[in-house]
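**Q** Between the sequences and the hints, there should be enough to build the whole structure, so can you do that?
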Amino acid sequence: MAEWGERLAGVRGVLLDISGVLYDGDAGGGTPISGSVEAVARLKRSHLKVRFCTNESQKSRGKLVGRLRQLGFDICEEEVTAPAPAACQILKEQGLRPHLLIHDEVRSEFDQIDTSNPNCVVIGDAGEAFSYQNMNKAFQVLMELEKPVLISLGRGRYYKETSGLMLDVGGYMKALEYACGIKAEVVGKPSPEFFKSALRAIGVEAPQAIMIGDDIVGDVGGAQRCGMRALQVRTGKFRPGDEHHPEVKADGYVDNLAEAVDLLLRHADQ
Amino acid sequence: MAARRALKAVLVDLSGTLHVEDAAVPGAQEALKRLRSAPVVVRFVTNTTKESKQDLLGRLRKLEFDISEDEIFTSLTAARSLVEQKQVRPMLLVDDRALPDFQGIQTSDPNAVVIGLAPEHFHYQVLNQAFRLLMDGAPLIAIHKARYYKRKDGLALGPGPFVTALEYATDTRATVVGKPEQTFFLEALRDAGCVPEEAVMIGDDSRDDVGGAQSAGMLGILVKTGKYRAADEEKITPPPYLTCESFPHAVEHILQHLL
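As given, the protein sequences belong to chains A and B, one line each in that order.
My numbering numbers the first residue of the first sequence as 1 and each following residue consecutively.
My numbering numbers the first residue of the second sequence as 271 and each following residue consecutively.
It is worth saying that the hints were derived from the structure and are not from the lab.
Check each hint, because a few of them may be wrong.
Restricting the straight-line Cα-Cα distance to at most 35 Å, the calculated cross-link-like pairs of lysine-lysine (DSBU-like) are [to be verified]:
| hint | chain 1 | residue 1 | chain 2 | residue 2 |
| --- | --- | --- | --- | --- |
| 1 | B | Lys-422 | A | Lys-137 |
| 2 | B | Lys-494 | B | Lys-420 |
| 3 | B | Lys-505 | A | Lys-137 |
| 4 | A | Lys-147 | B | Lys-415 |
| 5 | B | Lys-422 | A | Lys-147 |
| 6 | B | Lys-420 | A | Lys-137 |
| 7 | B | Lys-278 | A | Lys-160 |
| 8 | B | Lys-303 | A | Lys-147 |
| 9 | B | Lys-332 | A | Lys-183 |
| 10 | B | Lys-415 | A | Lys-249 |
| 11 | A | Lys-160 | B | Lys-356 |
| 12 | B | Lys-320 | A | Lys-147 |
| 13 | A | Lys-160 | B | Lys-320 |
| 14 | B | Lys-278 | A | Lys-183 |
| 15 | B | Lys-278 | A | Lys-137 |
| 16 | B | Lys-332 | A | Lys-147 |
| 17 | A | Lys-147 | B | Lys-420 |
| 18 | B | Lys-278 | B | Lys-332 |
| 19 | B | Lys-420 | B | Lys-332 |
**A** Written as structure tokens, this is what we have:
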């Protein structure tokens with residue numbers, strides 16, 4: 001593989017995944033990944049543009065940012081690209097009234113959305129709300145629609161909490177796809193539109209941007225398909241097999257965000 | 271297809287073939303008696319995710335069918351026999367009523383997942399537990415993959431969507447054990463001590479009974495009772511070996527032409 005200097009040349013903007021890169025979440029509040037608080041601070045003091053790009057759909061941006069600030073991170077709501085607000089925009093544009101299969105903690109993001117007489121289903125990482133009854137309700141809403149529309153906030157397979165790996169929204173999305181014989185529209189990584197909106201927010205073009213994430217497919221593969229570069233951290237849901245993934249090869253693998261930031265500050269264009 | 275050999279076994283579907291809901295197919299009890307007088311092994315094969323053999327047997331006996339428990343082979347039996355072959359300890363995501371069919375199977379400290387239709391188990395905590403076992407390399411065994419079924423209050427999700435969820439999350443494939451999987455028929459025949467070329471299947475489901483059996487190398491007879499709908503016999507290739515009115519006609523054909 002080429003030298004880091006070559007691999008990171010011309011980088012002006014950085015997209016940071018949150019869960020598994022900044023911290024490992026859990027029911028309590030989560031634990032910062034060692035060195036990540038300082039790494040974010042250093043990055044933000046540098047000349048590089050920084051945007052947080054998350055598929056978090058268990059919490060509103062406000063709650064997520066509040067939690068991260070408690071852990072010591074320098075982050076504010078306006079710096080975060082998340083799927084729920086992006087979905088709201090699509091719902092408004094297309095005149096869709098969703099049945100919401102989502103976590104209570106993210107419901108506030110949909111406060112301005114008309115949910116009466118639903119003509120689509122929005123599914124997020126509902127956590128405990130993924131009961132058979134709730135899944136069945138979403139299924140029945142879809143089956144009653146002439147043209148069923150399913151919008152999924154990300155399609156991750158799993159993520160890591162301090163207690164271990166947790167099923168993400170992707171499995172439940174697939175369950176509804178299979179039951180109804182439909183394809184969901186994914187809002188979030190790895191959808192190119194989602195990465196592009198994050199890049200627009202910091203005014204950086206894809207070839208000058210790099211994604212740092214723990215998901216080889218959703219973060220790394222998705223960003224690369226948009227023309228960005230991408231690093232995978234060996235934290236969060238990272239598994240050793242990821243470095244030999246049959247389809248996706250990251251532009252580099254680093255132990256954690258701190259190492260990624262070291263390399264970026266040393267090698268990205270001044 | 272291998273050359274046919276002398277008939278040794280007859281596999282018979284239950285619901286829709288011997289009985290439709292709580293009524294026997296006319297003449298079916300008598301026909302079964304006649305079949306039993308011939309030198310063939312008879313096995314009753316069915317896809318079920320919640321009825322144990324005992325439940326099935328109770329219903330059939332009430333309808334005055336002469337059947338014993340060890341002649342019944344269900345998708346639950348097939349799951350059990352796969353669990354035994356693999357020598358694994360399953361986490362059982364099955365309806366409580368199906369548990370008697372897994373009696374004696376070691377389930378503590380599980381290293382496999384068996385999934386049937388179990389709405390009470392299909393929720394976040396339990397699915398997450400199953401997911402973690404699969405991530406540690408446990409095999410996933412599915413009784414079947416039906417998308418949904420009809421309940422009194424409307425359509426309801428079947429096991430298929432939840433199997434698919436686990437398959438996607440873990441990037442693995444489930445082993446499906448019910449009809450129309452070849453392994454289902456082969457297991458039922460192993461139990462009967464013969465090979466597919468020595469066996470015939472009688473059922474009302476063109477794809478799951480007849481198509482599945484014929485893909486496994488058996489002859490398939492489609493009966494026009496139960497879920498049969500006009501032209502069902504044209505929905506599979508090759509077509510059924512025989513399509514006839516009902517179970518008694520199928521038995522008559524076997525006695526006259528296949529022995």
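**Q** Determine for every hint whether it applies to the structure shown.
**A** Hints versus structure:
1. B:Lys-422 x A:Lys-137: holds, 15 Å
2. B:Lys-494 x B:Lys-420: Judged against 35 Å, a Cα distance of about 22 Å means the pair holds.
3. B:Lys-505 x A:Lys-137: Status holds; Cα separation ~33 Å.
4. A:Lys-147 x B:Lys-415: holds, 24 Å
5. B:Lys-422 x A:Lys-147: OK: Lys-422 (chain B) and Lys-147 (chain A) at ~24 Å, within 35 Å.
6. B:Lys-420 x A:Lys-137: Cα-Cα ~14 Å, so holds.
7. B:Lys-278 x A:Lys-160: Violated. Lys-278 (chain B) to Lys-160 (chain A) sits at ~55 Å, over the 35 Å cutoff.
8. B:Lys-303 x A:Lys-147: Given that 35 Å is the threshold and the Cα spacing comes to 52 Å, the pair is violated.
9. B:Lys-332 x A:Lys-183: The given pair, whose Cα atoms are some 46 Å apart, is violated under the 35 Å limit.
10. B:Lys-415 x A:Lys-249: Given that 35 Å is the threshold and the Cα spacing comes to 34 Å, the pair holds.
11. A:Lys-160 x B:Lys-356: At roughly 30 Å apart (the allowed maximum being 35 Å), Lys-356 (chain B) and Lys-160 (chain A) satisfy the hint.
12. B:Lys-320 x A:Lys-147: holds, 33 Å
13. A:Lys-160 x B:Lys-320: holds, 34 Å
14. B:Lys-278 x A:Lys-183: violated, 47 Å
15. B:Lys-278 x A:Lys-137: Violated, because 49 Å separates the two Cα atoms, which is more than 35 Å.
16. B:Lys-332 x A:Lys-147: violated, 46 Å
17. A:Lys-147 x B:Lys-420: holds, 21 Å
18. B:Lys-278 x B:Lys-332: Status holds; Cα separation ~28 Å.
19. B:Lys-420 x B:Lys-332: Holds. Lys-420 (chain B) to Lys-332 (chain B) sits at ~25 Å (cutoff 35 Å).
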